Each structure stands twice: as structure tokens, then as C-alpha cells.
Amino acid sequence: MKKPASLKDRATPFRQAHELGWRDFEPGFVLTEVASSRHYHTGDWRSKRPVWDTSRCIQCGVCWIYCPDAAVRRRPDGFFEADYDYCKGCGICARECVTQCIEMKDER
Amino acid sequence: MKSAIPKTVVVPPGHRRVGMEDSHAAALAVRQCNVDVVAAYPITPQTHIVEKLAEMVANGELDAEFVPVESEHSAMTVCVGAEAAGARTFTCTSSQGLILMSEVVYITSAMRLPCVMVLANRSLSGPLSIWCDHSDVMSIRDCGWIQTFAENGQEVYDLVFHAYRVAEMADVQTPVILNVDGFYLTHVVESLLVADQEVVDRYLPPYRPRHSLHPDRPVTMGAYGVPDLFTETKKAQDEALRATYPHIVRAWQEWGDLTGRHYHPVETYRTEGARVLLFTMGSIGQTAMVAVDTLREQGLPVGLVKLRLWRPFPHEDLRRAVAGAEHLLVLDRAVSFGGPGGPVASEVRSALYGQVDAPVVHDFIVGLAGRDVAVPDFEAMVREVLARKTAPRHEDYVIYGARE
Ligand code: SF4
Ligand code: SF4
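Respectively, the protein sequence lines represent chains A and B.
The first sequence begins at 7 in my numbering and counts up one residue at a time.
The second sequence begins at -5 in my numbering and counts up one residue at a time.
Just chain A, same shape as in the assembly (with noise of 0.2 Å):
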């Protein structure tokens, strides 16, 4: 599957949220754009980051299955890691390691 286009690569640049005037949405709120959802970086509400030790993973993909924001993902390698743009720090990651290699680290 074709990897979807990272935010700094898009060649129209987008507005965050914070950026758009009133003026600027089409009637009714109706967006046009598909996926304009990955826009909104969710990583902004995290007060803690999960920190993979991969010494100790056995790359059983459990921290990804139960990510609820899909920000888990595989590097090429085979271990895992989070997209930092989308995780939220819910810590589940950590809770459901099967080798308790991930830690919950303050964001500072």
C-alpha cells in the first residue's frame, strides 16, 4: 500500500484550524478534502510519550493492534514506533506491551 503523503511534503500548504477565518469553510462545514482529519495533530495534547526499548521487543505488533489512534506503525526495520503528529499519550501502548518495553516518559 501506497504510504500517504506526509503533511511537509504536500505541495499546497495546509491552514491549521487555528489558522481559518470564517469565510473560509464551504456551507454547512462540508469538507472537500479526503482524510483533511490527518490535519489535526492530535500529538499536541500529550503530556506523556511513550519510548520504545527495542532490546526488548519481540516485534509481536500487540502495541499496534491496540493503539485507538493508529498512531502506532512499523518501521522498516520491524520494530514499532509512534508518529508523535497523532499520539495522544494514552499510554495503552505501555499497559499492553507483552514485554513491558515501552515507557511513559514526561513531555517537558
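Simulated from the structure, these hints should not be mistaken for lab results.
Since we're looking at a predicted model, the values are computed, not measured.
There could be a bad hint or two in this list.
To be verified - Only part of the chain A face toward chain B is listed, based on derived beta-carbon distances under 10 Å: (1) Ala23; (2) His24; (3) Gly27; (4) Trp28; (5) Arg29; (6) Asp30; (7) Phe31; (8) Pro33; (9) Phe35; (10) Val36; (11) Thr38; (12) Glu39; (13) Ser42; (14) Ser43; (15) Tyr46; (16) Ile64.
All C-beta atoms, glycine included, are put in the ideal place defined by N, C-alpha and C.
With chain A fixed as given, assemble chain B with the ligands onto it according to the hints.
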């Protein structure tokens, strides 16, 4: 001289004159608008409108989906879904039904889906009542729909076409509620002018939605409005509703040009030189015209101002219509419990606040749940207003006729 009761009746070209119940006239107009989907749940006094439409669909006279839903909430929801898919829809309700559908009523306007609803006005329970007042429509006053009022069967018929014409205009895209007084209008047989289909077709173009749900052109409707956007979406919605005003007037002008029947946001009757102006919405305006004639014969300088357009509120038209009068006697058909008088009077006061030489507003809450407001009642209220030694405070009102 103008009179409340027309002396001669002329049938204009492209029309025929028929005797018809106002509910059936509404249904006929909806049929002539060639709607695609009708979704409604029966409730007194709206029933005859929906029954007639069901009959038309069953007889093959109207090529539409008739969706017999299990509740009013579903009725409105079906209309929202169908409009989103590009269909022209109709729904119709009253009182408790409106309250039940109100959740979706607000969403319809926020989504700018040009649904049309006839609201057969009926009091809200409790105690349980099926009779007419305006407590139902006032409960959704701020729902963001265009809201008009009809006074008689001809207006019910005509305003259905206007509702679709305005709602679907590219610059409007806003749903419309047409208020029709329950029983006073819905269950009355009147002599009406019915337009030929060709007249309707000249007036109402096919519905061309700006967006509709289609797999080839994906869009998102009803998206979540994050706090960073919500204020802007509401500002956009409010600006859009305010901007509908000239289109509403233009659509009435076009209908007037075609049929000779003209409508305005605020209409007046014998206001020349009037010291006291009555102020009404809906069918009560008909009795008020007779009352004005009667009182004028008695030498009392009384006139009448009728509000046809409730939302967007026509502030300027109102100010112009009442200029020069000493007293404005506002007839409310709903109570705003613990509030600043009836909902209509408090808006009228807002419109006039700070105006030099504005008339004194007197608020009378009348006609609750079908309580008669007859010519002698108007006379009594006018005499009471003229006898008042001091102007009422802004928050004063009278629930007229309530026995001690
Ligand atoms: S902390 Fe929550 S949101 Fe972030 S990657 Fe883990 S499960 Fe997903
Ligand atoms: S759940 Fe734990 S062990 Fe399994 S893949 Fe995720 S990090 Fe590795």
C-alpha cells in the same frame, strides 16, 4: 378603501379557483414542487397534510419516496440524509413532534441542507393540548432555519413554493419552516387560487445542490467541529442566515410578478394615522383586520402590523412599519416563563430599543391552546392600552383573559 373582506374575486391567468382544506392545499403545493422524499410521523393537527401526500404517492400522482418513519426524530433525520444525497424533501410536524425532532432540526441548518418543513402550530404539553398556539415554534426560535408565517389558506399554498424557492437558492442553502396555525388553518376549507403546474415550473427550478453524497465525489458532511473551528462555523452560519434576507424578498417578488400575490417580511393594514398598532403573527392577523375595521368605525385610530418573516428578523422593516405610532400592542401566543415577556414582544422591544419616538410596546399573551381571540378581545386590549396612565416597564406583560 381597503377592507378585510374582499368584495370581488378575480381568477388570474394560470390559475383556477377551488374549495380546499388548507392542509390539502399545502400537500398539493408540495406535490407541485415535485419533491423526491416525504418523511413524516402523524401528529395532530398536521395529519391531513401528510395523509394527503401519502395518498398522492400511493395513487401515483407524486413520484416520491414516502417514508413512514417511527418518530419525528427519524423523520427529520431521513430528510437530512435524503437532502445530503441531493433529493428535494418535505416533512411536517407539530408541537411534541417538533420537540422530539429538535435535535436534528438544529443540525439541518448547521449543515445548510435546504429542507422544507410545514409546522402546524400547536401548544406544547403540559397539560396535554392539541390546540393552536406558538409555543412549539418558539421552542426552536434559534434553530437557524428561515421561518415564515401564513395567515390563511392561500398563503399556506403560496408560501410552500416560496419555501422551496428560497431554501434551494445557491446563495441561501438554508432550510425553511413555514408556520401554519393548527386547526385555524389546517382544518379549514377555503376558497383558494391554485396555480397551474406551468406557473410553478417557471418559478421553481430543479434542485441543484452544491455538494451531495456520491461515491465519485467524496465529501464529508456533519464533521466534528473542533474548538479551534467551532466559533468560526457558527459565525459563518449566522452570517449566512442574515444574508438570506434579500433573497427571501426577491423570491416573494418573483412569485408576486407571476401570480399577482405579493408578500413582504412585514405587512401593514390601515396603519395611516394610527395611534395604536396591533402586532400579530399567523392566522390571528385575519381577525385583527376585522377588529381594525370595527375600531376604526368607532373612531379609534387603530392599525395592524403583521410579521410574516420571523427569521431572519426584519428589524428595519419593523421600525419603518411602526414609525409614528404611539402604542404597539404585541400579541404573543407563547409564554417565556420567568423571562422578559412573550418571545415576540421581547424581540420587538429589542428592535425598537433606543429608537427616537418609538411606540410604547404593550405585551399581551393571548390565544394559548386555541383560546379564542375575537374582535371584542382586540377592542378590550386597545381600550386597556389607551387607558394606561404610565408606560409598562420592558418586562411587563399580561396573560390576557386568564381568570382570577
Ligand atoms: S500512547 Fe496511546 S496514542 Fe500514543 S502510541 Fe501509545 S497507544 Fe497510541
Ligand atoms: S507490544 Fe511490546 S513487544 Fe510487542 S511489538 Fe509492541 S513494543 Fe514490541
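Self-check item: Non-conforming hints, listed in increasing numerical order
Solution: 16
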